[in-house]
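Visitor: Chain by chain, the residues:
2 protein chains.
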Amino acid sequence: MKRKSHGLAFFLIVMIFGVQTMFAQTRNLMPVPQQVEWQKGKVRVDSSFTVQVKGHPHPRLYKAVGRMIHRLAGRSGLFLPQSFFDPQETICHPNLLVTVKRPAAIQLNEDESYTLTVANSQIQLQAETDLGAMHGLETLLQLLSADTEGYYFPQVKINDAPRFPWRGLLIDACRHFMPMEVIKRNLDGMAAVKLNVLHWHLSEDQGFRVECKTYPRLHQLGSDGNYYTQEQIKEIIAYAADRGIRVIPEFDLPGHATSWLVGYPELASAPGPYKIERNWGVFNPTFNPTIEATYTFLDGFFKEMAALFPDAYIHIGGDENNGKQWNANPQIQLFMKTHHLEDNHALQSYFNNRLLKILTKYGKKMVGWDEILHKDMPTNIVIQSWRGRDSMIKAAQQGYQTILSNGYYIDLIQPTDYHYLNDPAPQDLPVTPDQRSLILGGEATMWAEMVSPETVDSRIWPRTAAIAERLWSAGEVRDVDDMYRRLETVSFHLEELGLTHEKNYDMLLRRLTGNRNISALKTLVDVIEPVRIYNRNRLRKQFAYTPLTRVVDAARPDAAVARKFRKQVDNYVAAKNSNLELEEQIRLQLQLWADNDGNLQPIIDVSPVLFEIRQLSQNLSAVARIGLEALTYRKNPKVRPSNWAQKSLVILEQAAKPQAQTNLMIVSAVKKLAGVGEN
Amino acid sequence: MKRKSHGLAFFLIVMIFGVQTMFAQTRNLMPVPQQVEWQKGKVRVDSSFTVQVKGHPHPRLYKAVGRMIHRLAGRSGLFLPQSFFDPQETICHPNLLVTVKRPAAIQLNEDESYTLTVANSQIQLQAETDLGAMHGLETLLQLLSADTEGYYFPQVKINDAPRFPWRGLLIDACRHFMPMEVIKRNLDGMAAVKLNVLHWHLSEDQGFRVECKTYPRLHQLGSDGNYYTQEQIKEIIAYAADRGIRVIPEFDLPGHATSWLVGYPELASAPGPYKIERNWGVFNPTFNPTIEATYTFLDGFFKEMAALFPDAYIHIGGDENNGKQWNANPQIQLFMKTHHLEDNHALQSYFNNRLLKILTKYGKKMVGWDEILHKDMPTNIVIQSWRGRDSMIKAAQQGYQTILSNGYYIDLIQPTDYHYLNDPAPQDLPVTPDQRSLILGGEATMWAEMVSPETVDSRIWPRTAAIAERLWSAGEVRDVDDMYRRLETVSFHLEELGLTHEKNYDMLLRRLTGNRNISALKTLVDVIEPVRIYNRNRLRKQFAYTPLTRVVDAARPDAAVARKFRKQVDNYVAAKNSNLELEEQIRLQLQLWADNDGNLQPIIDVSPVLFEIRQLSQNLSAVARIGLEALTYRKNPKVRPSNWAQKSLVILEQAAKPQAQTNLMIVSAVKKLAGVGEN
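Residue numbers (our numbering), protein chains in the order written: chain A, 1376 to 2054; chain B, 1376 to 2054.
The hints are simulated quantities; they were obtained by calculation from the structure and are not laboratory data. Hints are not guaranteed to be accurate.
The list cannot tell twin chains apart, which means a pair is met if one copy fits it or any two copies do.
[What the hints assert, rightly or not] Within a straight-line C-alpha distance of at most 30 Å, the following computed DSBU-like cross-link-like pairs (lysine-lysine) qualify:
no.	residue 1	residue 2
1	LYS1650	LYS1429
2	LYS1650	LYS1438
3	LYS1916	LYS1438
4	LYS1559	LYS1588
5	LYS1588	LYS1438
6	LYS2022	LYS1951
7	LYS1939	LYS1417
8	LYS1609	LYS1678
9	LYS1438	LYS1559
10	LYS1740	LYS1588
11	LYS1417	LYS1429
12	LYS2022	LYS1939
Work out the full structure, taking the sequences as your base and the hints as a guide.
Guide: See below:
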């Protein structure tokens, strides 16, 4: 694949169109293409819309065209017969002509570029491979617009290719099992934002999720019955390949291994028996790297898995081996001495090297978390950086290919812009050009301790669309406000793929209220977020059986209502109270919140699952009342009581503390309005 | 299974508690059990809640207990470790003790009875088989209640068993393919309301949906790639069996057969080639019943399918053979003459008898639509009545077992009470007791011309819960208002099984408005229904590729807001305008509608898919304005202009006509208020 930086081209376009707003540049496109030349004119779409494919694509493209037409029909209500796309059908003057030179291989560094020209005569989509063509179809769908006359595509010339070749989403199907439809709908979402790697985390302390014919006790005893059959694995791989997505399985070794050892305790570094783990954290059970039985077992295991998973890469985990079982086992200690292995890290590298031989034997390359970086390892492995950017830089400097996940941990409930601005390879990175080329891309990581099939989409989407843009678009594309504007549209369009991030919100609120009126609860939950990082488990110990149906689960990352309010307050304060329209909007919003507790408490009274948010609800209204007072006092400081700031600060500080494992996300803005405390 | 009528017992209980409301009797139970004795007292549920299973159930029960605990946790937010249910675990004093005598076979007439006693000392669930126990677990979940102190089960004694042994839902996976998760979540919904047969319609003019290894062109050429692999079929059968549900496949023969003949045109009654049908209706392609090749083919086919589907019954369709190909084929006409087959019906019976021999050879019994009823057929087949109740009665009178679907055609968008009051075997049925016992039950039929995976749940649920009650509960349980009250609760609880009938409504409205504010559109769509029976296709020709994302698709059967309004108006008129509180509610509702068009038209202006509802939106507001005027004139007839009634009637009659293939469901109520026209 040609991997030139298109940053300069984009920059030039921004210069040329500099007088226009970002909207005029980016419209609803996400990821932003490398080169966009908007032109005047609209190409109308009606029920006579037709498509033809020419050239030599992989047949997956025909299915993709059918899906695109189906979605176009779904949005527009137009009856489009080509929803059943027949590549044999002769279309004399197709409205959309797709031309592809050759079939793509679903592998790293395949050509994904395309050009798309929307002109009155014809819409032309051209690509080297069907992968590029599929990306172009997604771009075309994002261009669909409407006015009082009907639907149309704006005239435009787009020239596009990804900045990084490895753009992934990790889905942890172990901490909570993720049924087939969860994986499938998220693959559709990935394709819509041009991600191309599903990193499928398939073994953990809490579950082993693949049918293994060689060692059937793995799935029989290690999964609670929740595993993918090999037929299902093949189904997912085919589904992903149809969407241009590679599937990389992760089998986490030698730690995070409890579920393997339930059925095969003789491979552990301490005597069993072992039970599937029901807690969250880092646990002791670890493979014994000093006995040959381990490698015989792993040889048989990876022989089977190498045949099942076609991608060239297999992920072996390698993270968070706490070494306790190794330290406590005299035989292992003796082995280390005999083999001159100075510490556990060296022992793990010994293990990894043995594993690498096995993978190599079966034609696979190794990927692992940054703990596998060690002087004893050859540089033909890929390092996935999670503990810090440093390990990515270090890996590249030492000649390893590397991918970045640090900063893309979407399970940690951080806001979208935090992830968005996390560039794997900014200009000032301390690496040579050669080292820079070793940075393959990145992966968002959906670790699943705190998500169920009902909530997982709301943790992945829409934030992952912004990460997808970071990995696809030029590094210069980093206007946060414009990203948030486009994200709203993208998020809504992702719903047509079956994703539940939006629609399960009301459903969870209905369940919480026993199907009573949800409006008051929604007003509250709209402005709270689950506590960030790993604090949820710290504030209240969580288990594998914790129901993920509580207020903290309905609450969503980067709460949009609160974010918009904070922005309004920023603007209002920056304008020195002069924007009266904005003031009125802020006042109305605060008034709604101030009144909300009175509406919500009667619902809480008869919904025991809501008892835990009594204080939280009171806090929202108390904070809002301070905000209303602050609006008054900003205009008329004289009427402000002398102890008001002090009293308010106490309430605000109290309200800033987590309640029911959530944070109230408007406190900083009200502090700012009130001119008290740190914001 | 013991099939005594529990009607008398229920009647006695109604007598005993006669002074109380229906609510006190039925609470949130659906289907209403045969015997319920409510008692005073509450059994509290907290995180110490435990379950033990004793006796000899099929292991499926352990999974069912785990699912029940998981749902209990999900509703209550309680951390219940037994979500991972381990039958080996010793519980000293379980809160719920389940005792089962023997494992059930998943077959017709298996014992499904249970008794459930909620007492302070312990909750006891006892059943002959795990099927009864699973029904009891669903009943227990429906009992879960809450007050200001927390969650509890009310003390009660329940003795329950189904009235009919065959309680089914037909899902047509052919007209639109229904992916695995659609089938699975609907199986969960079925189990929640104690249905026990999935009738899976697997072949049609528009698609052949099962992988066939003997004749692979069936699925390869007849399905557009949308078919179930045999592994997936097995997965569904196992999933259903885990929920006590039989799976009966339907392979529709000899008509409705286009998709078979695409790959095997030599078996048709007229020369091919054939293409998968994209229109809706009754089509000509029909198997040739006069050539041995047909029976050789069907022998090989049913040999394979008989092994794949374990149930004793296979459905062979048999409906709507229009006979055109037979009439036009001289060789077939000669065959009929030679074999003294007087008409096409006799020829079809010849075919059916040949088919019956094949099914019998492979250990299967035959079910078919009522067209297969013919003097030449033996009585060991089951007749499914769809064209009218008469065929059910006739079948029973002639000694056939029979099931009723006439009156349960949920694809025809009729209101819930219509289906609910449709009793397969009312007291006055002209049959002997022996003949009565041949009536096995009934099936709701989800024909799929006009539903997609996105909308199908909203056509099945919640109405099918009322049909489930008809087939389970005593015939005397027929209070429509109480049914509707309970249906709201049941419908909401069905969401926890992943069903989308509620949550996809807003999603479709978001798509229709391009994610603009949906409130005005919702106000309109809340009071419209898709046109009933087969009128949608008559008003605008529909195709297999018609997007099912338009207003008519978002609109739902038995529109609850309109139904409640009609009821309010009925009550108001019956009370002769004296109920002022009701009058105020009606006025507020009418005012909202009267103002709605002004809010909705700006949305329509920029949403071309909504252009078709411009008139509909105007109609709602016009009708509401007449309603407001009517309220005034009812109180003060003197101010009513002389030509008002006549003018209003013109508007109302106009508004009663379908728009965008939907009906405005408040017109009759406003006519009633206005005292004009027929209501």
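Visitor: Give the relationship of LYS1417 and LYS1429 under a CA distance limit of 30 Å: within one copy only, between copies only, both, or neither.
Guide: within (25 Å within a copy, 71 Å between copies)
Visitor: Is it within a copy, between copies, both, or neither that the alpha carbon of LYS1438 lies no farther than 30 Å from that of LYS1559?
Guide: both (15 Å within a copy, 25 Å between copies)
Visitor: Using 30 Å as the alpha-carbon threshold, which applies to LYS1650 and LYS1438: within, between, both, or neither?
Guide: Classified as between: cross-chain Cα gap 18 Å, same-chain 44 Å, threshold 30 Å.
Visitor: Have a look at LYS2022 and LYS1939 and pick one of within, between, both or neither, based on CA distance no larger than 30 Å.
Guide: Within. Shortest intra-copy distance 27 Å satisfies the 30 Å Cα cut-off; inter-copy 50 Å does not.
Visitor: Which holds for LYS1916 with LYS1438 at a C-alpha limit of 30 Å: within a copy, between copies, both or neither?
Guide: Answer is between; shortest inter-copy Cα gap is 26 Å, intra-copy 47 Å.
Visitor: For LYS1609 and LYS1678, with the copy left unspecified, which applies at a CA distance of at most 30 Å: within, between, both, or neither?
Guide: both (16 Å within a copy, 27 Å between copies)
Visitor: Between the shortest in-copy and the shortest cross-copy C-alpha distance, which are at most 30 Å for LYS1559 and LYS1588: within, between, both, or neither?
Guide: both (24 Å within a copy, 26 Å between copies)
Visitor: Which holds for LYS1939 with LYS1417 at a C-alpha limit of 30 Å: within a copy, between copies, both or neither?
Guide: Neither, since 33 Å and 46 Å both go past 30 Å.
Visitor: If the cut is 30 Å between Cα atoms, do LYS2022 and LYS1951 qualify within a copy, between copies, both or neither?
Guide: For LYS2022 and LYS1951, the Cα distance is within 30 Å only inside one copy (24 Å; across copies 58 Å).
Visitor: Could you place LYS1650 and LYS1429 in one of the four classes (within, between, both, neither) given a Cα distance threshold of 30 Å?
Guide: Answer is between: at 24 Å across copies they meet the 30 Å cutoff, but 56 Å inside does not.
Visitor: Check LYS1588 against LYS1438 for me: Cα-Cα at most 30 Å, and say if that holds within a copy, between copies, both or neither.
Guide: Between copies only: 24 Å across chains, 32 Å inside a chain, cut-off 30 Å.
Visitor: Up to 30 Å between alpha-carbons, please classify LYS1740 paired with LYS1588: within, between, both or neither.
Guide: within (23 Å within a copy, 37 Å between copies)
The structure shown violates just one earlier hint, number 7.
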